[in-house]
Amino acid sequence: MSDERKPSRGVKIARRTFLAIAGVVGGGLLVGAGAVAWRLRQIDNYKLPAGDGEASFGAWLKFTRDGMIEVVVPHQDMGQGIYALAVLLAAEGLKAPPEAVRAAPAPIEARYANPVMLLDGLPMDEAALTAPQRATLWTFDKILRTLGLQGTGGSTSTRNIAEPIRLAAASALDMLARAASARFDAPVDQLKIVGGAILAPDGKSATYGELAEAAAKLAPRAIAVPPLAIGDYVGKGAPRFDVPPKVYGRAKYGIDTREPGQLYAAIRHSPRLGGRLSRASIPADAAGVRGIVEGKDYVAVVGETYAAAMAGLDKADVVWDESNALKVSTGDVFAAYRAALDRGADYKPRWVIDAVGDPSGATGKAVKATYDAPFLAHVTMEPINATALVTETGAKVWAGHQSASLVQLLAAGAAGLKSEQVEVFTPFLGGGFGRRADLGYVVTAVEIARKFMGVPVQTIWSRAEDIRDDVYRPAAMADVSATLGDDGMPTGFTYRIAVPSITDQFVARAMPSAKGGLMADRTTVDGALFPFYGLPNRSIENLTVDSGVPVGFWRSVGYSLNCFFFESFIDELAAAAGAKPLDYRSRLLAAAGAYEPARRAHALLHRMGRYDQARPLAPGADGAKSGRGFALTECFHSFVGQVADVEIVDKTLRVRRVHAVVDCGFAIDPPNVAAQVRGAINYGLSAVLFGKIDFDQGRVAQTNFDSYPVLTLETAPEITVEIVNSGAAIGGVGEIGVPALAPAVANAVFAATGRRLRSLPLTL
Amino acid sequence: MGVDLTLNGAAATLSSPPDSPLLWALRDERRLVGVKFGCGAGLCGACTVIIDGRQARSCQTQVKDVAGKTVVTIEGLSGDIAQAVTDGWIAAQAPQCGYCQPGFVMAATAVIAADPKQTREQALSQLTNICRCGTYDAIRAAIDHALGALNAAPSPQKQGSAQ
Ligand code: FES
Ligand code: FES
Chain A
1 MSDERKPSRG
11 VKIARRTFLA
21 IAGVVGGGLL
31 VGAGAVAWRL
41 RQIDNYKLPA
51 GDGEASFGAW
61 LKFTRDGMIE
71 VVVPHQDMGQ
81 GIYALAVLLA
91 AEGLKAPPEA
101 VRAAPAPIEA
111 RYANPVMLLD
121 GLPMDEAALT
131 APQRATLWTF
141 DKILRTLGLQ
151 GTGGSTSTRN
161 IAEPIRLAAA
171 SALDMLARAA
181 SARFDAPVDQ
191 LKIVGGAILA
201 PDGKSATYGE
211 LAEAAAKLAP
221 RAIAVPPLAI
231 GDYVGKGAPR
241 FDVPPKVYGR
251 AKYGIDTREP
261 GQLYAAIRHS
271 PRLGGRLSRA
281 SIPADAAGVR
291 GIVEGKDYVA
301 VVGETYAAAM
311 AGLDKADVVW
321 DESNALKVST
331 GDVFAAYRAA
341 LDRGADYKPR
351 WVIDAVGDPS
361 GATGKAVKAT
371 YDAPFLAHVT
381 MEPINATALV
391 TETGAKVWAG
401 HQSASLVQLL
411 AAGAAGLKSE
421 QVEVFTPFLG
431 GGFGRRADLG
441 YVVTAVEIAR
451 KFMGVPVQTI
461 WSRAEDIRDD
471 VYRPAAMADV
481 SATLGDDGMP
491 TGFTYRIAVP
501 SITDQFVARA
511 MPSAKGGLMA
521 DRTTVDGALF
531 PFYGLPNRSI
541 ENLTVDSGVP
551 VGFWRSVGYS
561 LNCFFFESFI
571 DELAAAAGAK
581 PLDYRSRLLA
591 AAGAYEPARR
601 AHALLHRMGR
611 YDQARPLAPG
621 ADGAKSGRGF
631 ALTECFHSFV
641 GQVADVEIVD
651 KTLRVRRVHA
661 VVDCGFAIDP
671 PNVAAQVRGA
681 INYGLSAVLF
691 GKIDFDQGRV
701 AQTNFDSYPV
711 LTLETAPEIT
721 VEIVNSGAAI
731 GGVGEIGVPA
741 LAPAVANAVF
751 AATGRRLRSL
761 PLTL
Chain B
1001 MGVDLTLNGA
1011 AATLSSPPDS
1021 PLLWALRDER
1031 RLVGVKFGCG
1041 AGLCGACTVI
1051 IDGRQARSCQ
1061 TQVKDVAGKT
1071 VVTIEGLSGD
1081 IAQAVTDGWI
1091 AAQAPQCGYC
1101 QPGFVMAATA
1111 VIAADPKQTR
1121 EQALSQLTNI
1131 CRCGTYDAIR
1141 AAIDHALGAL
1151 NAAPSPQKQG
1161 SAQ
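Sequence lines, in order, name chains A and B.
Under this note's numbering, the final residue of the first sequence carries the number 764; numbering is consecutive throughout.
Under this note's numbering, the final residue of the second sequence carries the number 1163; numbering is consecutive throughout.
Just chain A, with the same shape it has in the complex:
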């Protein structure tokens, strides 16, 4: 085997990673296509269980006793509005008012698997798939569906459920119409649908609820679902049902779980990453304290209230064993990256994920730059927490999370039970951003509750613990170099990022016996891979360097790193070529020829140019330097261009305005698309201006919003969003505002000052 393990030849390798996933899900190994086909048929025939007076219309819809239409959602709502979107699609398809539809969490069943999330991680260019790659995707899709891993992440929830819900709604409406036709003895085409009821020509009518039972008994027919287009709600949006309860403080989050007899646990982890607990004790007279739990790397004090538990923890005598703890400091991590990049093509493991031609022979004017970005914490607004009740025969878990099936599996393991014995309750999530995909906190909470059999225990991470026990956005460093021909166009391009593998770490945490390092971690190179620009003779590479710091998925994952590095460098090339940033990008896109992503990106670039003309940069206040920067990216199957206006006074950088142009194929709920993009831009801006987690000898330096500041009303820019319905397949939305923000701001700083900032957070 050669040193450069190219995943394009790596179907075998990929299969082994898939087997690791199989183990995680506990689906066991599947043998033979026949078994897969049989299992898939079984899965496809799954129907929602219907109680007395209820009527099930298959896997997605049922009519409930109280006359509501219920659509089930196998995803968690962490603010992206997937529940509201499901309501909107079901209402549109059933021609019913949104108030008549309610969303409920889907059962934990294979039918609700999210293969999209995992397929996106395969290192291949979706816009130029080869036949073997297509076959691999098809096979993986089938197998992943039989394994049934549910999950919310990778901006996939709409992509995963929009079409099934549209189909289910169309099919249910057809069944209702046929039931009405039988009841009124009138042909279907003479019936009228009015606001959740069906009207016969003779004026008789029946509500959906009245027809539901008979309709549900009919066999579904093959239905052609009309293509996505602007309808009564689709393409327009409707008020979100979750907004009033959230405004009035009635929406319940995991941390709001209040079960009879519930106790509360305050938790502390070893100050150093990887440290162990030696022993811990607590004064016998600590008020309101019920006990102390000694974990492997944590101590928890359980009390009648969280305040009592915290006060008890403060009084606890705790001794840590740090002999095997991580001693790494931030400087060591970057030194390791530097050393790896210095070895370049000789470094192992090195993955060349996107190779075209050969950059080594390219000639012309050389341009080189090195970029870096720090570790980041998620700091979801609702600190990490989970509530568990364990008995001999079953367990219940209440938690915000990003995968019900993984929660069930991991909680079962921690409680010494079988998956089927674990019930999972999912309230709203006070933010996810990828943090709640890493479920160690559920395991910990179950371990603690297991010491109090029969009593529900809620474990809450203080903000300092939430930051200390995070799985961080990895720090990274990249060397980028290019050669430019006489016309200023690139003749060769090499991109090398030194970064740990998030996927390997994630799999190892979820299933310690799994073997990592088998496949390139595409997620850490996303944002530089398969560029829509014409870049001949290119090599885009990952050097995997793991310093032991736990890393995880952070809103937009690798795009948050690589878009900054890549689109900043494109600006540097424009400057080296003496071209304007938008013009240069236009030339690069034209150089890509007939490549669909280049066409879509170009359409956005035109709109950015139009915005630039229509709304020129406002002059800064007295003594301020102002500048405008641009960046363009494809991420999560969507395209985003951003225009950022900055103002600099002395050493203070302010982002005044951001304009985003978005092509997510078709915006089903445009106001929510705009809200998600705005929110993600602000999330990204916190990182651009302030975000930085540091390690000092294995200790996390930041503890709360004072040492880890985030954006507030005062620093938040005014953001406008322009949505383009290109008609392409639906792309993701929840994360797509993050990637282009950082380079747009850095490019604006360059425009304002002539200084090129290559390190995040941006410091003047």
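Do not take every clue at face value.
Listed next, with one range per pair, are the computed distances between beta-carbon atoms [stated by the list, open to error]:
no. : chain 1 : residue 1 : chain 2 : residue 2 : range
1   : B       : Glu1121   : A       : Asp487    : 44 to 52 Å
2   : B       : Ser1015   : A       : Gly440    : 33 to 41 Å
3   : A       : Pro244    : B       : Gln1118   : 22 to 30 Å
4   : A       : Glu718    : B       : Gly1002   : 42 to 50 Å
5   : B       : Lys1117   : A       : Glu596    : 50 to 58 Å
6   : B       : Gly1002   : A       : Ile193    : 58 to 66 Å
7   : A       : Gly344    : B       : Glu1121   : 50 to 58 Å
8   : B       : Glu1121   : A       : Gly67     : 42 to 50 Å
With a straight-line cut-off of 30 Å between C-alpha atoms, the simulated DSS-like cross-links for lysine-lysine are [claimed, not checked]:
no. : chain 1 : residue 1 : chain 2 : residue 2
9   : A       : Lys515    : A       : Lys142
10  : A       : Lys47     : A       : Lys396
11  : A       : Lys327    : A       : Lys692
12  : A       : Lys651    : A       : Lys625
13  : A       : Lys296    : A       : Lys418
14  : A       : Lys252    : B       : Lys1069
15  : A       : Lys315    : B       : Lys1064
16  : A       : Lys651    : A       : Lys580
17  : A       : Lys252    : B       : Lys1064
These are calculated hints, taken from the structure and not from any lab test.
Every residue gets a Cβ at the ideal spot worked out from N, C-alpha and C, and that includes glycine.
Given the coordinates of chain A, work out where chain B with the ligands should sit on it, guided by the hints.
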């Protein structure tokens, strides 16, 4: 023994330790879980309640500090100003995950109640809460909406609908 106060319009006694944070007395003892925990250090505003008409961080307030005072949580919010603020929030469809929103609504209600004629900038500058979902533009729109509604010429219908 306990600390007596007026809580959401009714006389109440808190039996949590007098030097413990009001936040947890409200959440754990009184089950008023609309009061959110975000930082425990007075930095995020998720735990904001209104004490004697002023926005206050309940994580930085001890139980004994509210003896004899009037405390309002999101659960007990009422009146014309609160109505205008929550209407504004709903019109702007402000929440995403929603976790920060009750704290924001409480802070905004106290700030606007202190002077319903103030400008948007004056109101916004007193809102120092954090929203990790980045709903700041929508919150600005909500404040505009609330101030607009409160300062519009009163119509009979409007008066009728206010509680
Ligand atoms: S929890 Fe009180 S200010 Fe953050
Ligand atoms: S809406 Fe999620 S933190 Fe504000």
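Here is what the structure says about each hint:
One distance hint, 44 to 52 Å for the beta-carbon pair Glu1121 (chain B) and Asp487 (chain A), holds here, with the actual separation near 50 Å. For Ser1015 (chain B) and Gly440 (chain A), the Cβ-Cβ distance of about 35 Å falls inside the hinted range of 33 to 41 Å, so the restraint holds. For the hinted restraint 22 to 30 Å between Pro244 (chain A) and Gln1118 (chain B), the CB-CB distance of approximately 26 Å keeps it satisfied. About 48 Å separates the C-beta atoms of Glu718 (chain A) and Gly1002 (chain B), a value consistent with the hinted range of 42 to 50 Å.
For Lys1117 (chain B) and Glu596 (chain A), the hinted distance range of 50 to 58 Å is satisfied, since their beta carbons lie about 55 Å from each other. Our hint of 58 to 66 Å for Gly1002 (chain B) and Ile193 (chain A) holds, since their Cβ atoms are close to 60 Å apart. Judged by the Cβ atoms, the range 50 to 58 Å given for Gly344 (chain A) and Glu1121 (chain B) holds: they are separated by roughly 53 Å. With their beta carbons about 48 Å apart, Glu1121 (chain B) and Gly67 (chain A) fall inside the hinted range of 42 to 50 Å.
A hinted pair counts as satisfied when its Cα atoms are at most 30 Å apart, and Lys515 (chain A) with Lys142 (chain A) qualifies at roughly 23 Å. Between Lys47 (chain A) and Lys396 (chain A) the alpha-carbon distance is near 24 Å, which keeps this suggested pair within the 30 Å criterion. A hinted pair counts as satisfied when its Cα atoms are at most 30 Å apart, and Lys327 (chain A) with Lys692 (chain A) qualifies at roughly 19 Å. Under the criterion of a C-alpha separation no larger than 30 Å, the hint pairing Lys651 (chain A) with Lys625 (chain A) is consistent with the structure, at around 11 Å.
Taking the CA atoms of Lys296 (chain A) and Lys418 (chain A), the gap is about 23 Å. The hint holds against a cut of 30 Å. Of the supplied pair hints, the one linking Lys252 (chain A) and Lys1069 (chain B) holds, its CA atoms being roughly 28 Å apart against a limit of 30 Å. The straight-line distance between the Cα atoms of Lys315 (chain A) and Lys1064 (chain B) is roughly 22 Å, inside the 30 Å bound, and the hint therefore holds. Restraint check for Lys651 (chain A) and Lys580 (chain A): satisfied, since their Cα atoms lie roughly 26 Å apart, inside the 30 Å limit.
Using a Cα cut-off of 30 Å, the hinted pair Lys252 (chain A) and Lys1064 (chain B) holds, with the two alpha carbons roughly 28 Å apart.
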